[in-house]
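These protein sequence lines map, in sequence, to chains A and B.
Be aware that the first sequence starts at 1, since it is given in UniProt numbering, and climbs by one per residue.
Be aware that the second sequence starts at 1, since it is given in UniProt numbering, and climbs by one per residue.
If you're looking for bench data, these hints aren't it; they were derived computationally from the structure.
Worth double-checking, as some hints may not be accurate.
[Unchecked claim] Label-pair distances were calculated between CB atoms; the ranges are:
(1) Phe59(A) <-> Gly171(B): 50 to 58 Å
(2) Val170(B) <-> Phe59(A): 51 to 59 Å
(3) Leu39(B) <-> Lys104(A): 28 to 36 Å
(4) Leu187(A) <-> Leu43(B): 42 to 50 Å
(5) Ala42(A) <-> Leu43(B): 50 to 58 Å
(6) Glu161(A) <-> Gly130(B): 43 to 51 Å
(7) Tyr32(A) <-> Asn173(B): 32 to 40 Å
(8) Ser166(A) <-> Asn173(B): 52 to 60 Å
(9) Tyr12(A) <-> Thr98(B): 25 to 33 Å
(10) Thr66(A) <-> Gly130(B): 45 to 53 Å
All C-beta atoms in this analysis are idealised placements derived from N, C-alpha and C, irrespective of residue type, glycine included.
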Amino acid sequence: MNAQLTLPSAKYKQKVGYFTASLFVTVAVCIYLKYNPFLIFADFTPIQRLLGEMLPPNFSLLWQPTIGKAIAQTASMAFLATFYGCLIAFILAFLTAANTMPLKFIRLIVGGFLSLLRIVPPLVCILIFIIAVGLGAFSGMLALIVITVGMFGRLFTDIIENTDHSAADAIYSVGASRLQVIRYAILPQIIPSFIANCLYAFDVNIRVAISLGIFGGGGIGYELYMAMQVLHYQDAFALICLIIIMIVLIEKASDYFRTMILGKEKLR
Amino acid sequence: MTINDFSPKRYYKLVLPTVGLLALIKLTAWVCGAGFDKLGKGLLQGISFVKIMFPPDWSAFPEMLEPALQSIAIAFIATVLGTLLAVVFAIAAASNLTNPIVRNITRFLIGLERSLPEIIILLILIAGYGLGVFSGIVALSLGCIGMLGKLLGDVIEEIDHTMIESLEAVGANKLQVIWFGVIPQIVPNLVSLVLFRFEINIRLSIILGAVGAGGIGYELDTSFGLLQFHRGLTAVLIILVMVVGAEQLSQFIRNKIKLKGALK
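Kindly produce the complete structure, drawing on both the sequences and the hints.
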């Protein structure tokens, strides 16, 4: 910008102000944490050493039955949690949505419950469920259900509230009961997006299931954590490859089913 | 289609998937060792345990503040650095700015990162750099690439192309095109995505803390591990306040930007 011709505008000054302030805060926080962002670019020796220990990955580990069981556990944790979580979220969403629940205090109570579930961190869930039902895939699954309900309850409520009201009004005016209105006017509108969201939930839950495994939820995450803890880096690297393949495959499958279901619904 | 329609089409569309789903649920429940009897017993135990946790130990509150601040700081730095990284990756992944080979390689890297949960990146980094804040920040910053890189890359691909063309026509080089033609157009989307990512990072920093990145997650995990449940409850309450605070803050900033139309 040429200062002789145009002075910096107010907007420019404001932008520079924002930029300087955020830069200042960032540097201050870096100093507070004693964190040097350039260290990762300057010092490659730890990663080099680690790669040396990790390669070649010990793929023979994957033929052990424990690993197969761990994968099955992670997948079934995610599946069950998606199923029950989406089911509960679905029912609660009908109790929260303004066009299906006439009583305001029930709406408020259930809505507050959903918001509470949404802010409870996964870590707290898993720690409590481990004490309640013991270590293993079951506690991980229960924690995942809570997380799923929290994540998707609000979303389903919004979907229900955003449905077209004219169909509901029409059949309500000819004497349909509230349940009939839900069955014949609201359900057909929301089923496609509900199924698409369930598939998305499964996608997310697989990742969370792996993370929860590390805290004692069982499954492949736990195996990986154990391999890392006892410094069997070659095993760990094989497990990481396996996890990546699993997640990518499930993502592709969920994408495929989603387009299939949504496409079919559009055709109808 | 009526209720009493038992045609083969309905059979294939409804009955078979339902039976398959039920069988799958049974199988997966068996693999997980899940069951409603266990759930009932567990819930009673869980409720009595939550009762034990009360009241929170307020004397631990002052010493929890420092780790909480650390968690927030980790999330903040990781968001800032991760955004810088993600913008670079997004530009390299946009089809209208780079050649197809670079784009495909970058998209592949982004996809690879996205399928790797942050906690696994952290485990690898801990093995390399040891426990501590450093590993946590790097893991979270790398985690930004997967999400922000992909979303921003899509945003860049949809920007108005005339601006880039006119800049190129008056002789701007690649860097100038990006700085004056691309960045101003993506800033509104960028800010809203980054705020969203900051919320996620706050949650993740708590989880990563428990594995060994430090901060309030570590406090929570150790107090549960040492069976100091009143102390643990204090940490839980602080975490809840942090999560809600981050959400409110990002909502506030988002509204303010929308109202003022600043940064446009």
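Ala42(A) versus Leu43(B) beta-carbon gap, inside 50 to 58 Å or not: The hint (50 to 58 Å, Cβ to Cβ) holds, given that Ala42(A) and Leu43(B) are roughly 52 Å apart.
Asn173(B) and Tyr32(A) - C-beta distance against the hinted 32 to 40 Å: Taking Cβ atoms as reference, Tyr32(A) and Asn173(B) lie about 38 Å apart, which means the hint holds.
CB-CB spacing for Gly130(B) and Glu161(A) relative to the 43 to 51 Å hint: 50 Å, holds
Lys104(A) and Leu39(B) - C-beta distance against the hinted 28 to 36 Å: 32 Å, holds
25 to 33 Å as the expected CB spacing between Thr98(B) and Tyr12(A), which holds or is violated: 30 Å, holds
Cβ separation of Ser166(A) and Asn173(B), checked against the hinted range 52 to 60 Å: 56 Å, holds
Range agreement (Cβ of Gly171(B) with Cβ of Phe59(A), hint 50 to 58 Å): 54 Å, holds
Status of the given 51 to 59 Å range, CB of Phe59(A) versus CB of Val170(B): 56 Å, holds
Consistency of beta-carbon spacing, Leu43(B) to Leu187(A), with hint 42 to 50 Å: Hint violated: Cβ distance 30 Å, outside 42 to 50 Å.
Beta-carbon spacing of Thr66(A) to Gly130(B) - inside the hinted bounds 45 to 53 Å or not: At roughly 29 Å between Cβ atoms, Gly130(B) and Thr66(A) fall outside 45 to 53 Å, so the hint is violated.
Checked against the numbered hints listed earlier, the structure breaks hints 4, 10; every other hint is satisfied.
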